[in-house]
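There are 2 protein chains.
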Amino acid sequence: MKELVNYILQFGNLNQHQIDLILTKAKEKEIKKEDYFSEAGKIASEVGFIIDGIMRVCYYNNKGEEITKYFIDENNLVVDLESFDNNICSSAYVQAVTDCKIIVFSKKDWQELLNTIIGWDTIVHKIISKALMQKVARRSPLVSEDATTRYLSFMEMFPNVINRIPLSYLASYLGITQSSLSRIRKNIR
Amino acid sequence: MKELVNYILQFGNLNQHQIDLILTKAKEKEIKKEDYFSEAGKIASEVGFIIDGIMRVCYYNNKGEEITKYFIDENNLVVDLESFDNNICSSAYVQAVTDCKIIVFSKKDWQELLNTIIGWDTIVHKIISKALMQKVARRSPLVSEDATTRYLSFMEMFPNVINRIPLSYLASYLGITQSSLSRIRKNIR
DNA sequence: ATCGCTTTTTGCCATATGACAAATGTTTTT
DNA sequence: AAAAACATTTGTCATATGGCAAAAAGCGAT
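Chains as they are written, first to last, in the UniProt record's numbering: chain A, 1 to 189; chain B, 1 to 189.
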């Protein structure tokens, strides 16, 4: 839980009472590799915080290919925002790439905290905006750079992820085939 | 100003008094084609709302090529968030692609409104989150789709933009050369 | 209408990446 | 340990896109 508290306090101040209140709502949970945190066709019902492990957001395009859209690693919030905020069915899966240990808040508890703790909404806003901006920034090199450059910048953007995920996921994230990624790796060594 | 008020009220409710207060801070402004709304190396100092015209976000990559990262058209907020929120120098330009008529708020006024109007911060947060999510969604096809598909989905994502911008800007947004874009257009007709 | 400037289109060739298939390597199951 | 299942690498060939340069088209000023 300590990681979560540290994470939160980067974005604003809360007193001990408020922190305790948040922690009473937090539940630890494990998700096995390949299992889903949230699913396409369902409404996201939890906000998570990754203590250990890597998750990914993926979907199936019109050709039925599985596309990895994003990776989330330790000390980050994981939530299908569009679905969670608007109570609409998601079009994407959030899946554990490795075994994961996470802290979760139910939607009910999350909203209760927002209504109860003064200033909590501001902190949450900051967290969400930062994560969204980071997402835009991380995905930017995927356009207008060649595949090798994309791979190199992936390593900078996700330093803790590169060696813990299957080549296939990374290839689809980078928008290239598995073969191409394999060749790129070979050329770089 | 009516457009602005309608836009805001989509995201939450305000009473007439609050709306009037916001409008007292709003200033109309024109930006000539090619002129900048905010610049790389400077700190963004205004939030804008486009009444008429198209703007773009662009930057220069390490090879000195000008890359268009995003387009913003009528009835949308325009602000270099990263720079504006954190008071840091921007790395991107926000430039008028056509002559523009916009409404602007100075940073000082903007913050004053946030401190004064109860609920305004929530509305602003919703606006910003939605814009950021839209940005992610709009840029997503730029990865893992071929150039023609990217062009076609650009037309869906930015229906009001396609015929009002130079080919060169669009090509760099799509991550292809001008020649390629020209050829794609030819094939599609 | 003509000139000068910018933007877009076209042509030609080079090359990065894709598609498909086979080979090799790795992990899991029995 | 062997077999099976899965993941990665490699080979071959096809093709979309890039690089560069020239031609054509568009556009504003005179």
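Watch out, some of these pointers could steer you wrong.
Identical copies carry no separate label here, and so any pair may be met within one copy or between two of them.
Said to hold, decoys possible - In silico BS3-like cross-links for lysine-lysine, where the CA-CA straight-line distance does not exceed 30 Å:
| # | residue 1 | residue 2 |
| --- | --- | --- |
| 1 | Lys130 | Lys63 |
| 2 | Lys2 | Lys135 |
| 3 | Lys107 | Lys186 |
| 4 | Lys130 | Lys69 |
| 5 | Lys63 | Lys107 |
| 6 | Lys101 | Lys63 |
| 7 | Lys63 | Lys126 |
| 8 | Lys42 | Lys107 |
None of these hints come from the bench; they were simulated from the model.
Exercise for the section: Against the earlier hints, flag every one the structure doesn't satisfy and list their numbers going up. Expected result: Of the numbered hints, 3, 5, 6, 7 do not hold.
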